[in-house]
Each structure stands twice: as C-alpha cells, then as structure tokens.
Amino acid sequence: MEGDRIAGDHHRPSILVHEFGANGDVPSRHVPRNLGEKRQCAGERSRTHLAPTGAGHHDLAVVRHRVVGQHHLQLNRHHGPPNSKVSGERIARYRDAVLRGDSENQLVRTFRPRRRRLGAEIGAVYESLIDRYRIDEVGDRVDLGSVFGDRRPVMLEIGCGRGDLAVSFATQHRNVNLVAIDVHTRGIANILDGVRTNELTNVRVVEGDAQVFARRLTPRTLDEIWVFFPDPWPKIRHRNRRLLRDDLVLPLTDSLRVGGVLRFATDIDDYARTATRAIAASKRFSEPRHERPEWRIETVFERRGRLEGRPSIDLCWTRISES
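Okay, so the sequence shown: first residue is -7 according to the numbering used here, each after it adds one.
Fair warning: there could be bad hints in the mix.
Listed next, with one range per pair, are the computed distances between beta-carbon atoms [unchecked claim]:
| no. | residue 1 | residue 2 | range |
| --- | --- | --- | --- |
| 1 | P243 | T189 | 29 to 37 Å |
| 2 | E300 | G251 | 35 to 43 Å |
| 3 | D128 | R166 | 23 to 31 Å |
| 4 | Q164 | D132 | 28 to 36 Å |
| 5 | F293 | R269 | 22 to 30 Å |
| 6 | D262 | R212 | 26 to 34 Å |
| 7 | S278 | H230 | 23 to 31 Å |
Derived by calculation from the structure, the hints in this document are not laboratory data.
Predicted model, so just to flag it, every value in this text is computed and none were measured.
Cβ coordinates follow ideal geometry from the N, Cα and C atoms, glycine included.
Just need the whole structure built from these sequences, with the hints factored in.
Here it is as structure tokens:
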C-alpha cells in the first residue's frame, strides 16, 4: 500500500494549510510543495502530501491535523476523475464539521490514502456511473431496501480493494444486493466498470470511510458484513488504527441483523488474534468458525501474501445478541 511516486512535475503550485480557530477565522500560509518535505510550524511538525494532477484538473482531498491544540485541514491536490462539485462538497463538509467539533472528526483513520490517476477510459466510466450507483458517505439514515428497490438480502463489503470480489460475487448472486465501500477511487471505478460490463443492478458503492458511513445504516438490517484483508498496521504504535478493534466492533456491526454473519480474512496471525479478542469482548457474537465461503475468490493481495509464505485465515461469527 505504498504511496504514489511523483515524477518530474516542476510546475506544481504550493498548497495551503488552513487553520480554523475558535472564531472561525481562516488564516492561511504556504507549505513547501516537495513530497515528504517537512517544516517546523508552531513547534510541531507538519508534512505535505502531494500528487501530480492530470489533464489540467485539480481535485482536492482533506487531511485533518491537530497542531498545538488547533484543527488543521490540509488541502491535497491529487489526480483523479475531475469532479470539482463532489470535491468542493467534501471540503465544505469537513470544514464545517471541524468548526462544530463533531465527534466524527476524532475518529482514528484506519486506512492509508492513495491517490492514483484514472486512465481516460476507466475515468469516463466512473464519471458516467458514479452518481447513479453511489450512496453518500454521510447523511440521514438510509434504507437500503429503498435504495435497491427490493427486500433481497444485503451484504456490506468494507474495503473492496480493486473490486474483483464485489464484481464476481454480484455477477454470481444476482438475487443478493451488495454495498461495497472504499476510500480509494480506483477500486470504486473498477466496480462500476464491472457493473457496466455485466449489466448488474444489485450493486451500490460508497466512496468514503466505513466508520462514518456505518452511522447512516439502519440497525439490524444487513445480512452479512465482510472485512477481507484490511490494512494490518503491523507496527505496534499503529495497532489502534486497525479496523477490527475493541472500540469499533460495536459501531461497525450495529447494522448487522441477529443471525447475520460477520466475515473476516487476514494473512497476519496477530491481527486474527486481536480481532477475535475484540469481537469476543463485544458479547454480541457467537464463537468464531474457520470458514471460507466458496465465492471468496483469491485477491491480488491475498496471492501476494501466499507467495510470501503467509496463508490466509478465514473467520466468521454469527450475531446472537440484540445489544
């Protein structure tokens, strides 16, 4: 999950870091544009994250920093499908939330941002289909039955990666609805391409953070939740960023119905142990079972781990408690 390498772009503009004070004032200052370059600011360290732009388009992503007790929004110019309306709305949403001090801005990020250019063809697919198949990351409670227009079983895949599993499953199980969520545009675009190619009507996508989107879901309505090969965050100091941890199991699974199944796969033994402990501590689930469903195809990341000598571990739990 390494970041993108920036090649010879000598004309990138500087970006701005905005400091939002208690009164809402927005003073700004320039930050060096070189990747990885650091500078001292107010006694703390700040890092810039830049990626090249494509075809004259600038998209903006928001990364929040806390420096000397203040909230910072770092506006990152990155390539991606030109979608200035969505980008502007996302920036405004985060800015307003920071000023309000909403609790969602205290969430620990469980993913590493990656910004990669979409090719012309896949970018065109993304632009033509995203509004039709997207469910917004934030908003009021969402009724997935109304979204899909039926009451068929609904699966939620948290972290769809390159989208291979989502497309494969939806193609083989057209009588089951699937919501795939990821923070990275490329995987979402691949799913939309699969939707177009296979004429799928049982797929919706969420481009955003599962911790945030989980708040929109109606409790006890999903039939299954999948968390396959999430970022293992191997360093000890980063373990609090793992997706299946003590403080996240309950909010992430509130939407799972009693009798529904939580599925988890990893090739990191320690992650399997800590996830099992966290799920047991929730007192919401049955004992774990080692069960790999026949439809779970091998992904690129899983294959890489297998070739490096790390076999996959598949676990599943059934929700047995209303609480």
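**Index of numbered hints that the structure contradicts, given in increasing order** = Per hint list: zero violations.
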